[in-house]
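Peer 1: One-letter residues, chain by chain:
Protein chains: 4
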Amino acid sequence: MGRRHAENLRLVPEAKLLAVADPATERARLVAQELEIDHAFSGFDEMLALKGIECVVIAAPDKFHAAAISAAAAAGKDILCEKPIALSLADAHTALQAVARAGVRLQIGFMRRYDPGYSNARKRVEAGEIGEPVVFKSLGRDRDAPPIAAYQSKLNGMLLYNNTIHDFDLARWLMGDEVAEVHTFATVAIRPEVAEYGDIVASVVNLKYRRGAIGNIESYVQAVYGYDIRTEIVGSKGSILVGNLQQTPVTFLAAQGGTQPLADHFLTRFESAYVAELRDFVHNLVHDRPLQVTAEDGLRALEIAVAAGTSHLESRPCAVTRRASSAA
Amino acid sequence: MGRRHAENLRLVPEAKLLAVADPATERARLVAQELEIDHAFSGFDEMLALKGIECVVIAAPDKFHAAAISAAAAAGKDILCEKPIALSLADAHTALQAVARAGVRLQIGFMRRYDPGYSNARKRVEAGEIGEPVVFKSLGRDRDAPPIAAYQSKLNGMLLYNNTIHDFDLARWLMGDEVAEVHTFATVAIRPEVAEYGDIVASVVNLKYRRGAIGNIESYVQAVYGYDIRTEIVGSKGSILVGNLQQTPVTFLAAQGGTQPLADHFLTRFESAYVAELRDFVHNLVHDRPLQVTAEDGLRALEIAVAAGTSHLESRPCAVTRRASSAA
Amino acid sequence: MGRRHAENLRLVPEAKLLAVADPATERARLVAQELEIDHAFSGFDEMLALKGIECVVIAAPDKFHAAAISAAAAAGKDILCEKPIALSLADAHTALQAVARAGVRLQIGFMRRYDPGYSNARKRVEAGEIGEPVVFKSLGRDRDAPPIAAYQSKLNGMLLYNNTIHDFDLARWLMGDEVAEVHTFATVAIRPEVAEYGDIVASVVNLKYRRGAIGNIESYVQAVYGYDIRTEIVGSKGSILVGNLQQTPVTFLAAQGGTQPLADHFLTRFESAYVAELRDFVHNLVHDRPLQVTAEDGLRALEIAVAAGTSHLESRPCAVTRRASSAA
Amino acid sequence: MGRRHAENLRLVPEAKLLAVADPATERARLVAQELEIDHAFSGFDEMLALKGIECVVIAAPDKFHAAAISAAAAAGKDILCEKPIALSLADAHTALQAVARAGVRLQIGFMRRYDPGYSNARKRVEAGEIGEPVVFKSLGRDRDAPPIAAYQSKLNGMLLYNNTIHDFDLARWLMGDEVAEVHTFATVAIRPEVAEYGDIVASVVNLKYRRGAIGNIESYVQAVYGYDIRTEIVGSKGSILVGNLQQTPVTFLAAQGGTQPLADHFLTRFESAYVAELRDFVHNLVHDRPLQVTAEDGLRALEIAVAAGTSHLESRPCAVTRRASSAA
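Residue numbers (my numbering), protein chains in the order written: chain A, 1 to 328; chain B, 1 to 328; chain C, 1 to 328; chain D, 1 to 328.
For reference, chain A alone in the conformation it holds in the complex:
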């Protein structure tokens, strides 16, 4: 993901990529060489000390997000950090306090907001085209579950923090309302070995909104057939579906039926969204405009994930605890 952001930065006219950092020094060096970047560091702090750096993009493993945000903030850099903002509310608040103290700006990488389908849906909902929103539905399915070796931490319901977090953000952003309560059923299903890491393979999360709407989000980590992202907002006057199963505009007609290639990965499905995200982030920094996805958005989505995780563990519906954001 870090490499992709580095490549994408070349498509951002207002940005110049000065350096990359990766504890795997050799990898950092290679990327810098291929992409003609002047500096490669193994340490994040080392890079922060480089003269001329104004902002950083954080694409480290999830568990390092909060600390990296704090470090970058302390160094006075503006920040684009991948989701989730942190893996606990305590860590999130520490990071947000560092951001507030330093007076820097922080955007969270909810890139779906930059997808043409999702942004079109948002505009239509805001314009009242579907009337009053009544039901929010979303599903996210990955093709290939991460290898067991990749499990970084024993976090109950990691799926909710790593994947569903995108839908928790959409659930707020598209409905223009806050989630008040959630209920989760989850399963390890066909991959019982993740249970020892506390993780789950699939989940369904019921949502209740403050103003009375309801919703449900499904996540599944091993869909085999592709990368499948679909969202629907149902209202009193109509409904909006976002999503497109077909990846390449080709249909093959043969005796077994009509077949279309399916989307296979988030880097292809959201290719243009990632570029648009970087462009918008840099543009707003340069022109001193408000960021479109705030630290508060990162915190709110995490609060829903935490409630969903608790619901799963305690087998009961859970209220989403709202705490004042230090950055708000």
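Be aware that one or more of the hints could be misleading.
[As the list claims (entries may be wrong)] Simulated crosslink set (BS3-like; lysine-lysine; CA at most 25 Å straight-line):
hint: 1; chain 1: A; residue 1: 77; chain 2: A; residue 2: 51
hint: 2; chain 1: A; residue 1: 16; chain 2: D; residue 2: 77
hint: 3; chain 1: B; residue 1: 123; chain 2: B; residue 2: 237
hint: 4; chain 1: D; residue 1: 63; chain 2: D; residue 2: 77
hint: 5; chain 1: C; residue 1: 16; chain 2: B; residue 2: 16
hint: 6; chain 1: C; residue 1: 16; chain 2: C; residue 2: 77
By construction, these hints were calculated from the structure, which means they are not laboratory data.
Since the structure of chain A is already known, use the hints to place chains B, C and D on it.
Peer 2: Only chains B, C and D this time, still in chain A's reference frame:
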């Protein structure tokens, strides 16, 4: 619905429609005249007494289903009864006891099982094409909510008994497993006036299956844009989607986009399924074969509806209580 | 096809099927028995002599259509005859004269006009929704070519008379204009053995309309993957597509892509159109209203087929010769 | 288009854009400034004289293509030239001779070959997935016709040279065969004012291939609803459709039906193809590999356009005249 069944019976070669009954006598008389049926009754019992009648189709309002089943059974008739089998588990058991005592056969009108899309999905799941089922998803949206005047009874969560019951049946039939626990969030949303009848306008019901799979069902009674029925079974090797937003095979391309007509009503969406249901029911009676949708199926779906209703009322997940079916 | 019409007649309340005739006597007898029809004949004339018959449906092989129309007309029966009306303009005129002389009514079996997609398209074009029609496009592909043994006659370009004739009718009906000139390229392609019968396996026919619009029709007899019928009318304000590749509302998502079952046969694709055609024909006879597809429509489509066949044989564009219809 | 190529060149790591030239000097200067290009010229020859230039991209109006190719070749530059290679066969041959004489390389801008849908189709056809190709179908519709003021030359059937030329290239490339004969019907339809420039608004071109396959191409310049590009290759074992009406993955469901946004312009529909084209062109130059779209491809497509134009003017089918390419 009764009239539709009467019309459809003319398309069933192995059946002869002898009589119709409706408390609205004039309506019964008119239907009989139009469809060239010999007898029209105002009373159901009166009709049951007619010589030569071997089986009956019950399409009365939901609250009369159980009593009508008992009466028909007592008269020794085989029965096709619209869903739900009853509005309470007690009533259902009384009816099933009557059926068992009389030794007649009872099929419940889950006509979706006869839809080419759903039956194709069932076959594929059974054949193992999607591997192990992991997630069940379904949604049912009606275009027009029933008029307030039509509210027959004060039943909390009538939507669950009247609409979602179809999905509860699909949830068992397509997954080949039983639902063990449910959790419901519901809303009166844009139609607060139904609250005084205890009803709801939309609901999301989380499902947990005995063997570990999970699921979610959404129901919405006032979708405005059409009659929208979609179901998906997600497995370890693939996924099957059932549903088709487009009603007529026409696309209109104009400056505002590409537009297709949407399905508008269950009588058009499931037109052929209703006919196939009647044909299969009559065929199995005539040839003394097992019925494809049993009294037990009716009871099991009702048990899920009752649990979903309780979950809604008591704001907690509820186990689905299984009771031995008298007809089993 | 005859059997299908017989079955469908049971779905036409205003009709009663009295008799079937088939030179294969045993087949006629069997159908009559299965469908509970009182009379079965081996000879068409014999059947025409039966008392009480008011109209006949002709589904004989194409080469007998004209003679059968003449015979039925001479016997004073109203007629629904499958397309094409005849295999030559001379035969068509003889038949139409017989119809005119007898004062009976004749409808040609262009059942696509009764398909919900096509009739919706017609209504939109007539209502001006696409503005001025500019281009007409149509394609018709059969899944399985007829067996060589089934070739009834040595008619150059039989494909044009038997299949494309449907599109020639649509070309007139949907555009509200007459075809003035055609140009045909045809091929025996992968089935050279049909060349000895003068037939072709695929063709593309360019169209020029009287008022200046243009068009193209593709026909292919051996598409393998299914029965594929698509039509498009392109206008100054928009376009209308008719057609639907998917037969059953199911999508199967697996590693190889997303797959839908395709339409496989005209009897399934146009199942409801065939019933609607019979209902409308009988209804208009009973209520003495004008028929919706006239003898003139049959003649005009044949005239285009003849011009398209000549174009193929003589390798040049051909004007469509218009002759006054005796039935007009 | 020139500006787009200039922007895209920034996404080609192996290329460095040194200069732009435009007779509209101010426009050249502005583009150079915005895109941080070192040099801006008003004269093409002037630019060719700049030291360090190894290859040029020609995106001048069609009528200047041939002369620009000759000039660039004479200056020893490799060339990517937009389609068509020229507006007459004589001009094309002069240009190709200049290319051959100078020993430079020339690629023609048939960018559709770089579209994921088209390249996937090509691979499947080559792999024999549809068996023997029997029918080629293609259509190209622009949303907005060019303003009358933009008409650069009195060329009969300019539409065929400017738009349909893409399909003529696809007709060869996807079928792996050469077009031997064509027949054209064309119309000025709803825009009679183009007739005085000899142009047409819509055309249908029948194709006959050397090995016996047939085809048809439709072009329309004023589709109003969007930019619509669809191609189909029908074979003995199956068929491949390329094209996608929907631009943004959003469906809006409302009382009037389900609506999707449509593709609106070739720069959005083929956005990634244009970049891939430049990357491939530069990559092959740098690594001294054969170009993927050759001068000969440009000539062959033009030969078909010329035959299609003659067919339109002379109202007869025309053989495609093949002349040895000087570059071959």
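Peer 1: Run every hint past the structure and note whether it holds.
Peer 2: These are the hints, each one checked on the structure:
no., hint, in the structure
1, A:77 to A:51, "holds (11 Å)"
2, A:16 to D:77, "violated (32 Å)"
3, B:123 to B:237, "holds (15 Å)"
4, D:63 to D:77, "holds (20 Å)"
5, C:16 to B:16, "holds (17 Å)"
6, C:16 to C:77, "holds (15 Å)"
Consistency note: the structure conflicts with earlier hint 2 alone.
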